[in-house]
Amino acid sequence: MKSFRKMTYPYVVWISFIVVAPMFLILLYAFTKEGNAVMDFVFTLDNFKKFFVDSVFIDVLLRSLRVALVTTVLCILIGYPAGYFIAKSSEGVKMRWVLLITFPTWINMLVRTYAWVGILQDDGIVNNILSIIGVRSITLLHTEFAVILGMVYNFLPFMILQIYTALTKMDNSLLEAAADLGADRVRSFLKVTLPLSLPGVLSGITLVFLPAVSSFFIPKLLGGGQYVMVGNLIESQFLTSGDWNFGSAISLIMVIIIMISLYLTKKVDKTELTERRAN
Amino acid sequence: MKKRLIAATLLFGMLIPMLLMSGCGKKEVLKLYLPGEYLGDGVISGFEKAYNCKVIIENFDSNEMMYTKISAGDSYDVLIPSDYMIERLLKEDQLQKLDKSLITNIGNLAPEVTNLSFDPDNSYSVPYFWGNVGIVYTKNRVDLADLEKDGFGIFLNEKYKGNIYVYDSERDMFMCAFKTLGYSCNTENEDEIQEAYDWLVKIGKTMSPVYVTDEIIDNMLHEYEDLGIMYSGDAAYIISENPNLGYFVPESGTNRWFDAMVIPKNAANPELANKFINYMCTEKAARLNTQGVGYASPVASILKEMTSEDGDYFENEAYYPRTNANDELFHDSEYLRKRLSELWIKVKAASE
Numbered sequence: 004m005k006s007f008r009k010m011t012y013p014y015v016v017w018i019s020f021i022v023v024a025p026m027f028l029i030l031l032y033a034f035t036k037e038g039n040a041v042m043d044f045v046f047t048l049d050n051f052k053k054f055f056v057d058s059v060f061i062d063v064l065l066r067s068l069r070v071a072l073v074t075t076v077l078c079i080l081i082g083y084p085a086g087y088f089i090a091k092s093s094e095g096v097k098m099r100w101v102l103l104i105t106f107p108t109w110i111n112m113l114v115r116t117y118a119w120v121g122i123l124q125d126d127g128i129v130n131n132i133l134s135i136i137g138v139r140s141i142t143l144l145h146t147e148f149a150v151i152l153g154m155v156y157n158f159l160p161f162m163i164l165q166i167y168t169a170l171t172k173m174d175n176s177l178l179e180a181a182a183d184l185g186a187d188r189v190r191s192f193l194k195v196t197l198p199l200s201l202p203g204v205l206s207g208i209t210l211v212f213l214p215a216v217s218s219f220f221i222p223k224l225l226g227g228g229q230y231v232m233v234g235n236l237i238e239s240q241f242l243t244s245g246d247w248n249f250g251s252a253i254s255l256i257m258v259i260i261i262m263i264s265l266y267l268t269k270k271v272d273k274t275e276l277t278e279r280r281a282n
Numbered sequence: 040m041k042k043r044l045i046a047a048t049l050l051f052g053m054l055i056p057m058l059l060m061s062g063c064g065k066k067e068v069l070k071l072y073l074p075g076e077y078l079g080d081g082v083i084s085g086f087e088k089a090y091n092c093k094v095i096i097e098n099f100d101s102n103e104m105m106y107t108k109i110s111a112g113d114s115y116d117v118l119i120p121s122d123y124m125i126e127r128l129l130k131e132d133q134l135q136k137l138d139k140s141l142i143t144n145i146g147n148l149a150p151e152v153t154n155l156s157f158d159p160d161n162s163y164s165v166p167y168f169w170g171n172v173g174i175v176y177t178k179n180r181v182d183l184a185d186l187e188k189d190g191f192g193i194f195l196n197e198k199y200k201g202n203i204y205v206y207d208s209e210r211d212m213f214m215c216a217f218k219t220l221g222y223s224c225n226t227e228n229e230d231e232i233q234e235a236y237d238w239l240v241k242i243g244k245t246m247s248p249v250y251v252t253d254e255i256i257d258n259m260l261h262e263y264e265d266l267g268i269m270y271s272g273d274a275a276y277i278i279s280e281n282p283n284l285g286y287f288v289p290e291s292g293t294n295r296w297f298d299a300m301v302i303p304k305n306a307a308n309p310e311l312a313n314k315f316i317n318y319m320c321t322e323k324a325a326r327l328n329t330q331g332v333g334y335a336s337p338v339a340s341i342l343k344e345m346t347s348e349d350g351d352y353f354e355n356e357a358y359y360p361r362t363n364a365n366d367e368l369f370h371d372s373e374y375l376r377k378r379l380s381e382l383w384i385k386v387k388a389a390s391e
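These protein sequence lines map, in sequence, to chains A and B.
Each step along the first sequence adds one to the number in the numbering used here, with nothing skipped, and position 90 is 93.
Each step along the second sequence adds one to the number in the numbering used here, with nothing skipped, and position 127 is 166.
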């Protein structure tokens with residue numbers, strides 16, 4: 004075993020270059036501002052103050068959290084039945100379903116989101132169909148509806164696959180045991196299947212909520228330029244205003260929010276496990 | 040031993056084609072860095088044939104993006120930035136003088152595009168396209184009288200609520216605000232900036248506009264909304280496709296801009312770069328370019344040809360940029376750029 008340990012060294016070097024160094028730079032930029040010629044960096048908390056003092060930025064943050072939350076809830080509501088259905092199908096059918104769900108992810112996310120622009124725009128597919136039935140055209144693109152639709156569409160596969168994996172790993176004899184002990188189907192679902200699939204749901208939440216809260220091209224394409232989320236705020240700081248310090252501070256705030264949500268999901272996971280053991 | 044032999048043979052086998060490949064391709068190379076969708080068909084292939092060389096094209100989304108790359112040390116032979124960016128590159132001594140002995144066609148240029156404030160005697164730059172910023176509108180839904188009365192203020196006219204496009208660029212939208220309020224678009228006066236900011240926030244809060252970038256070209260072509268801000272060249276193109284569209288530039292003034300070819304200090308092949316600039320001033324190249332892209336040509340005879348009765352842009356009000364005393368060029372100001380972009384994200388975030 005000892006001789007294999009050395010093989011991790013390149014990995015450690017790689018990680019420190021690719022992950023640790025950029026994180027350190029974000030940290031450095033977030034707490035500094037451009038100084039004078041003698042000293043390049045001056046410590047400051049202004050970047051954070053700027054964010055929290057201005058109600059506009061707080062609104063953007065709240066909007067991002069709200070959209071990500073709605074997206075996650077919708078993904079669970081759609082993803083759970085879908086994952087359950089696939090897990091209960093026969094072996095061959097199962098693989099076909101999984102293939103169908105992963106199939107769109109082979110295409111670049113940006114391209115798929117552009118496709119929705121074509122579907123939703125004023126003379127797009129949806130409005131064309133509506134006009135055939137005689138319904139007046141409705142504005143779909145550049146609305147919050149379009150943004151959430153785009154997010155659910157893009158992130159749903161992650162949720163379905165997580166739940167599906169958790170459910171297939173489940174031992175079916177547990178359900179038989181529950182039935183033997185007199186539990187009806189609803190009861191055995193609530194007492195056996197649901198708790199056992201919870202870790203899958205939780206990792207699904209992580210995989211959906213995190214990219215949703217920091218997404219920037221979905222709101223830009225489907226919500227229009229006025230639909231600003233935290234991701235767009237960060238993007239604009241780096242690409243147009245050139246205020247890297249403020250951009251880094253916002254990134255850091257996001258990192259903290261993400262870490263808190265990760266911690267919370269982990270905690271739910273743990274209490275679930277210990278409760279189950281105690282039972 | 041045997042294994043090593045195989046490995047060595049394989050390695051050698053890989054090396055030989057690499058050596059062969061580096062042997063050919065002795066053609067001269069020109070690296071061109073310009074905004075996207077900014078070249079007419081046949082322009083580059085014509086140059087490649089005439090000078091037996093290869094042109095590598097790279098596109099940028101904004102002058103700022105180009106500046107970041109140039110500052111990082113990337114080398115190109117010809118850049119096509121805007122007026123204010125050329126001002127900045129000159130200030131930082133990043134450009135080299137043109138070799139006028141190679142640019143013999145410079146006399147073809149129109150008087151309106153030469154000897155401009157950012158490069159008074161054209162020692163560093165030769166214009167590529169020029170234009171201004173105005174309002175594109177659908178003739179059947181927008182009353183021209185409203186445009187003449189309000190200018191850019193039409194963006195606050197309740198009649199068009201929910202049917203307007205705002206161009207997602209702080210520079211251009213703050214310009215509209217400044218000009219409507221009667222200020223210079225280069226003002227650094229904080230009260231004037233604040234007033235312009237309030238004007239823009241009011242549009243966002245009361246008129247439910249959609250903020251778009253280049254999608255506006257396609258969307259206005261299909262008349263999804265009534266009106267929007269657009270560059271003259273894009274407007275000229277969609278007006279030539281859809282006669283129900285019009286282009287209006289307010290009397291209160293607008294931004295007049297010039298994009299020009301320059302050669303950076305670290306260009307690998309300055310001689311070919313000068314030849315390219317010269318080639319772009321020929322009537323043939325200028326014609327292909329303006330026909331393909333829609334922006335106003337810097338070459339005098341081509342401007343005349345395009346607006347004449349058989350020209351592609353006959354009676355197209357957007358093609359030939361007007362001359363008006365209220366119109367202004369942008370100047371390079373690091374302060375204003377930062378301040379406006381800081382405010383712009385807030386304008387967008389406050390929109391409903």
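There could be a bad hint or two in this list.
[Claimed, not checked] Every beta carbon over 12 Å from chain A, so not counted as near; a handful from chain B, in silico:
id, residue
1, 258
2, 359
3, 382
[Claimed, not checked] Derived EDC-like pairs (lysine to aspartate or glutamate); straight-line CA-CA distance at most 20 Å:
id, chain 1, residue 1, chain 2, residue 2
4, B, 377, A, 57
5, A, 9, A, 37
6, B, 200, A, 174
Don't read these hints as lab results, they were simulated from the structure.
Just so it is clear, CB atoms sit at the ideal spot from N, CA and C, and this is done for glycine as well.
Taking each numbered hint in turn, which are not upheld by the structure, reported in ascending numerical order? Hints 1, 3, 5 and 6 are the ones this structure does not satisfy, whereas the remaining hints hold.
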